[in-house]
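Chain residues, written in single-letter form:
Protein chains: 2
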Amino acid sequence: MENLIVSARSAYAYPLLIKQLLINAMSLYGDQEISYRGELRYTYREFRERVGKLANSLSALGVHHGSTVAVMDWDSHRYLECYFGVPMMGATLFTVNVRLSPQQILYTLNDAGADVVLVHPDFVPVIDQIRDKLTCKPRFVLMADGQTVPDTAIPFAGEYEALVGAASPEFEFPEFDERTKAATFYTTGTTGDPKGVCYSHRDIVLHTLTATASLCSPREGQRMHREDVYMPITPMFHVMAWGIPYVAITLGLRTVLPGRYAPEMLLKLRAQEKVSFSHCVPTILQMLLHAAEAGGQDLSGWKIIIGGSALPPSLCEAALERGIDIFAGYGMSETGPIVALAQLPPGYQPASREEEVRLRCSTGRPVPLADFRVVGTDMRELPRDGQSQGEIVLRAPYLTRSYFRKPSASEELWADGYLHTQDVAVVHENGFVQIVDRLKDVIKTGGEWVSSIEIENLVTRVPGVRECAVIGVPDARWGERPMAFVVRQPDSEVGAEDIRAELMNHVSAQRLSKFAVPEADRIAFVAEIPKTSVGKIDKKLLRGNKAA
Amino acid sequence: MENLIVSARSAYAYPLLIKQLLINAMSLYGDQEISYRGELRYTYREFRERVGKLANSLSALGVHHGSTVAVMDWDSHRYLECYFGVPMMGATLFTVNVRLSPQQILYTLNDAGADVVLVHPDFVPVIDQIRDKLTCKPRFVLMADGQTVPDTAIPFAGEYEALVGAASPEFEFPEFDERTKAATFYTTGTTGDPKGVCYSHRDIVLHTLTATASLCSPREGQRMHREDVYMPITPMFHVMAWGIPYVAITLGLRTVLPGRYAPEMLLKLRAQEKVSFSHCVPTILQMLLHAAEAGGQDLSGWKIIIGGSALPPSLCEAALERGIDIFAGYGMSETGPIVALAQLPPGYQPASREEEVRLRCSTGRPVPLADFRVVGTDMRELPRDGQSQGEIVLRAPYLTRSYFRKPSASEELWADGYLHTQDVAVVHENGFVQIVDRLKDVIKTGGEWVSSIEIENLVTRVPGVRECAVIGVPDARWGERPMAFVVRQPDSEVGAEDIRAELMNHVSAQRLSKFAVPEADRIAFVAEIPKTSVGKIDKKLLRGNKAA
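Heads up: the sequence lines are chains A and B, in that order.
So that you can map any letter, position 82 of the first sequence is 82 in this note's numbering, and since no number is skipped, the others follow by simple counting.
So that you can map any letter, position 317 of the second sequence is 317 in this note's numbering, and since no number is skipped, the others follow by simple counting.
Honestly, the hints are just simulated from the structure, not real lab data.
Any given hint could be a false lead.
For identical chains, the list gives no copy identity; a pair is met inside one copy or between any two copies.
Here are the simulated SDA-like pairs of lysine to any residue, each with C-alpha atoms no more than 20 Å apart in a straight line [said to hold, decoys possible]: (1) K19 x R45; (2) K268 x G301; (3) K137 x A294; (4) K19 x G431; (5) K19 x R395; (6) K514 x E502.
Next comes chain A alone, as it looks inside the complex (with noise of 0.2 Å):
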């Protein structure tokens, strides 16, 4: 057998690692641009020349290969340094979800072991309330951004551009083994402590040449190419930007960093930096569509991958009417993220309207390389007929092996060899799939599953209706049965009644079981609906509103 297994030292010669990435971005596009909030711009090169002295000054504060690097920060050129520098070094760059409760970052922050945290000042309140029950003991930076920095007795290192400036711009970076830890983030599931997910420099890498593969390869609309512009408004702390700043940097675009994300900034920048190609959550999308609405903004040509929530259909035909290409993409922080997405097929000619939006909105298809299924409880493969329901479990060479110190969560998570998503869908004749929904949010009433997020789509069609969130309430007689919430449109007085009889009518048309339409008493008109901490619909939160 000698002869089979090319060597490991041929294999292994040139690791799959995150400074490679960098590598013909950096020779081929020096002079490319990056941008901070329109305010700062450097190059590339000083781009590459800064992660260097980066590099530097956290080696000078005791990072080493194995040290843990986290970062509270808004999307900045200083986190897309963190991006390559920490890795590179060997280290890990944890990216701290800002927007979980200070209770829970103090949480992530020992269960990860920080040994540096990076603060912009806006979090140096959250370090001072949890600052004494580290137990991790690390060394603070500051990110002081120019803003004036809170009263703290925070004993800071230094501050991340005086350290930077000072430091020499000459870094050897190392080769390790490629499974080497890059990144961490902490997923907050429905149920218990939030749960760390790793991804390896393997990891990084490959989803980013899958991820590339996908969004480039189409013949025109919903692709990125070379000469797009990049913004993210998906946070940098969220599944790494969903790993597209990797992709964006990879290929040598022009990339733009909004800093914290408010409608009118965003808006301004996207025009101002012509900027093609952006994600999102829906929430961000339908304020920016709202605030454009008001400021008369154009947005045509502006490329947008919608994820972390299902795409409604009335918030996708809003943006198309405002000339926007969007997409839905697919996945989670286990999944690195992005295994499927909304493209349009090849040589695809709509038949209508409706049916472009509906694959527009849908999980989509694969990327390359991800062995993605639809499976019934015994793990077989079910018809491709559009009907069949059954969790997404996935396979890909980027995927969460394991959450950090959560051995039983784990196994849970890779039942049967198998990744689970807990995301219920059916698959379509053109390979197209569409989540129906949460495994846990499938209500049962009258012994037939309702999908709750295809009430939310229908609901949010009727005029008047601005939002609408399905929960699944107990019920004697029926086991479940559905209650929306609902928020309506400024001056809007869409009642109870009005609801149901739109529903009414799709029953009729037979596109919507009888079981699915809410009682009046079960439709209830709210302010606001609650969101998670990345944006998605709370309804962990919704059913304990309820219950309580």
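Model the placement of chain B on the given structure of chain A, informed by the hints.
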């Protein structure tokens, strides 16, 4: 350190195997078409079934994990089935260079240890000639291809279509180490026996992904997209047709296999099948342009990568005039092969047609992940000044670490930890690399280094010249002097002094060293320039003829 490495089980839960390139291609593009010579057509779905049938057929012949299956065929759908089916079984696909001499083919079959040889009728006489000297004792399968089979005593174990037709499509392709040998090809160097180059599954998957990222990412022009129709015109035996069939199938492209290359057939297929993406060596393109001119065919919109030899500017111009979107690619058998592509840069506005042609004919810019350097003899990177000449050395995740059973040649290849290409190049400020010569083809004359390729390009532009090859010949006074072999256009009477006069113009304009102009008696007019088995100018033979 236990937390530093994401566990091996994790990273290799999903090894990079060729079978994973098929997963989504088959599930998303099942109706897509593969055609053979425009005569036979079937869908990706049927292709996948035949891959399973092939595996069962080979299995019945004793092929198992670690076996070597050799193929001697022209470009066919059967070859494409072998590209996938053989390595997916864990066996090694040996793509035999059918243009070698029978003695060399004998050497390579024995060296690789072929267990099974699949033989097209055209190569039955070759096998007849060498069969009794085959120490590897292979079994033979005929690929009849509807042709009359020459009289032979070869004890065929069966005929491809008959075997495949009778087999079951169900075959459980196993999972194994991604470093397992998937394919092998023999490269004919300048000295000694052909050398075996191996590609692992990991190599092929990573080459596919980086080539896809490079090929698909331009905004327009010199790019591949999902609606392209692909036809290879580099033989499938030759570094797996540059690995591009794997890219095409991964993206779900309609694919046309042209059989044996004949210009009229290729042009007929191009028109009939609406082929939009191909690749070939300059000699084939030359023939295609002549045949198209004769037949009045329209070639506009055809994207063609040129590799194997440098693309002469005059040929590039002729192709552009016919509407071909032509550009060079760079690599060698040892490099996967693609490590650079001469795609025009983002936002490129040519200053002149001449400059554009120079870029398209250049060696190009490196693909993602490739550490591509031009270095001096001390291995230091040279300045990007378009002047400093050095050798191209490489690292990339899919380079051949060693030649099969050739330790000393392997050590030479990988001196100083970089793969040595033996190509001498300059790097321009914009990152474009330009090969000026092969290390061994540079002419050392009058204390200067003169590029044989530079002289060839200028001579080829002289009216009446069709082709030119330049070598260095010993000279008592100057060390070496250039000697040019010239093929005239039909009916042309261009003479040595015409050529010298044109070259002297370039000397006057300081575009050429005076040492580069051959004496009149060192300009020889010949009927044909000898080519190697893969279509490159055979300078070894020219030197030999000259010496003789």
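Violated constraints from the hint list, given by number and in increasing order: 3
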